[in-house]
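Visitor: In my numbering, the protein residues as written are 15 to 434.
It cannot be assumed that every hint is accurate.
Under the rule of at most 16 Å between Cα atoms (straight-line distance), these lysine to aspartate or glutamate pairs were calculated in the EDC-like manner [unchecked claim]: (1) 222 x 237; (2) 212 x 194; (3) 224 x 206; (4) 224 x 194; (5) 212 x 238; (6) 78 x 89; (7) 222 x 194.
These are computed hints drawn from the structure, not numbers from a lab.
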Amino acid sequence: MSRLQSVRGMHDVLPDEAQIRRRIEQVWIDAACGFGYEEIRFPLVESTALFQRSIGETTDIVEKEMYTFEDRNGESLSLRPEGTAGCVRAAIQHGLIPNRQQRLWYLGSFFRHERPQKGRLRQFDQFGVETFGMCGPDIDAEILLLGWQGWQRLGLSPQLMLNTLGNPDERAAWRRQLVDYFSRFESQLEDDDRRRLKTNPLRLLDSKSKSIQDLLEEAPRLEDLLGAESRAHFEGLREILDAHGIDYTLSPRLVRGLDYYDFTVFEWVEESLGAQSALGGGGRYDRLVEQLGGRATPAAGFALGLERIRECLEAEAVAAVDIYLVALGGGETACLRALAMRLRQEIPGLRVRMNMEEGSMKSQMRRADKSGAQAVLIMGAEELSQQSVTLKFLRGSEEQQTVLLDNIAAILAEHFASTG
Numbered sequence: 015m016s017r018l019q020s021v022r023g024m025h026d027v028l029p030d031e032a033q034i035r036r037r038i039e040q041v042w043i044d045a046a047c048g049f050g051y052e053e054i055r056f057p058l059v060e061s062t063a064l065f066q067r068s069i070g071e072t073t074d075i076v077e078k079e080m081y082t083f084e085d086r087n088g089e090s091l092s093l094r095p096e097g098t099a100g101c102v103r104a105a106i107q108h109g110l111i112p113n114r115q116q117r118l119w120y121l122g123s124f125f126r127h128e129r130p131q132k133g134r135l136r137q138f139d140q141f142g143v144e145t146f147g148m149c150g151p152d153i154d155a156e157i158l159l160l161g162w163q164g165w166q167r168l169g170l171s172p173q174l175m176l177n178t179l180g181n182p183d184e185r186a187a188w189r190r191q192l193v194d195y196f197s198r199f200e201s202q203l204e205d206d207d208r209r210r211l212k213t214n215p216l217r218l219l220d221s222k223s224k225s226i227q228d229l230l231e232e233a234p235r236l237e238d239l240l241g242a243e244s245r246a247h248f249e250g251l252r253e254i255l256d257a258h259g260i261d262y263t264l265s266p267r268l269v270r271g272l273d274y275y276d277f278t279v280f281e282w283v284e285e286s287l288g289a290q291s292a293l294g295g296g297g298r299y300d301r302l303v304e305q306l307g308g309r310a311t312p313a314a315g316f317a318l319g320l321e322r323i324r325e326c327l328e329a330e331a332v333a334a335v336d337i338y339l340v341a342l343g344g345g346e347t348a349c350l351r352a353l354a355m356r357l358r359q360e361i362p363g364l365r366v367r368m369n370m371e372e373g374s375m376k377s378q379m380r381r382a383d384k385s386g387a388q389a390v391l392i393m394g395a396e397e398l399s400q401q402s403v404t405l406k407f408l409r410g411s412e413e414q415q416t417v418l419l420d421n422i423a424a425i426l427a428e429h430f431a432s433t434g
């Protein structure tokens, strides 16, 4: 019988990788909570119509990439390909939006049926934030400052690419100019680009084909069509970013791949990743709430790809254990088990593992070292009789010492507080 394998493009996350991923997730959760954002969770499966109405029926996501199926009642359902639409649907359905400001964050898995490659999976995890009820450039700046803080805590410095798409009327005029311009060169376009010209011409701006790249040099520019309101919004955002010393690069061809954006759009890019260089991005989507059946509500947010963030981090070992307990004889096991429970209760967050296999002192110490623990607590017959343990540090220069059981929690708490 052949072995079963994971579905192509849907990977297992093994313990070593999961430790690193959890640290990445916690950095972003802490950053969002530090700005007063609250968690929201919404289903993996939604009505297909939700994504058709929000993302756009002529986008690559809806046309080619969604996992869509009919349930037993004949309703068309889809695995969520992105987070904003589901978040907006939940906010409307549960009355979170009318006459209220909301700052929300979410974390979870998303699905797109595309060719698996480095940095692009069929099941992938994202962290995102969404805000509702705030219309000025201040909230655009806030989510970018939140992002900056997350990158700083991870030790990363991706390039912030920034653009404005103006309001719907300005963008519609630009779209007409793009269609007129590219139609003159339609015979030079590849099949996919000819299709985009008729269905979603803004997507031509991030086409990778050389024919499009050459033509873009003389293509109409949206910035020539922006009115006073759009210019003031974008200039206001840039002034705030400049005041905080946030570096960014203006990118007039940046449009993002979804139909619902207005005004500000942005991406964080790490060129070292190659073709899949975008770590995440977002912008404003002031029309989407009304488009999905709610009251007209200003909104802005972003989403980040956790797998791509992981690729940017240097290979590192994240220990699963702080303290490893070793019993040198059978009689000490019960005492150490009780000690382990007490340490977990008295020092929140301390990760304590007991050796569960018999073996020599040498073999048990090898297991302790392999666990990544910073220290070992050893108990033999002499320690048991004295109600003490031997404390041996594995990762520092501290000397080995014998400590009474009554004092060990205080000593360990002080040590881990000082080492962070």
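Visitor: Are the hints correct? Go through all of them and say.
Guide: We went through each hint and held it up to the structure:
The suggested pairing of residue 222 with residue 237 is violated, with an alpha-carbon distance near 22 Å, which exceeds 16 Å. A threshold of 16 Å between alpha carbons decides the hint, and for residue 212 with residue 194 the separation of about 11 Å falls inside it, so the pair holds. In summary, the hint linking residue 224 to residue 206 is supported, as the alpha carbons are separated by about 13 Å, within the 16 Å threshold. Between residue 224 and residue 194 the CA atoms are separated by roughly 20 Å; this puts the pair beyond 16 Å, and the hint is violated.
In summary, the hint linking residue 212 to residue 238 is not supported, as the alpha carbons are separated by about 23 Å, beyond the 16 Å threshold. Among the hinted pairs, residue 78 with residue 89 is inconsistent with the structure: their alpha-carbon atoms are about 19 Å apart, more than 16 Å. This hinted pair does not check out: residue 222 and residue 194 have alpha carbons roughly 21 Å apart, beyond 16 Å.
Of the numbered hints stated above, those contradicted by the structure are hints 1, 4, 5, 6, 7, listed in ascending order.
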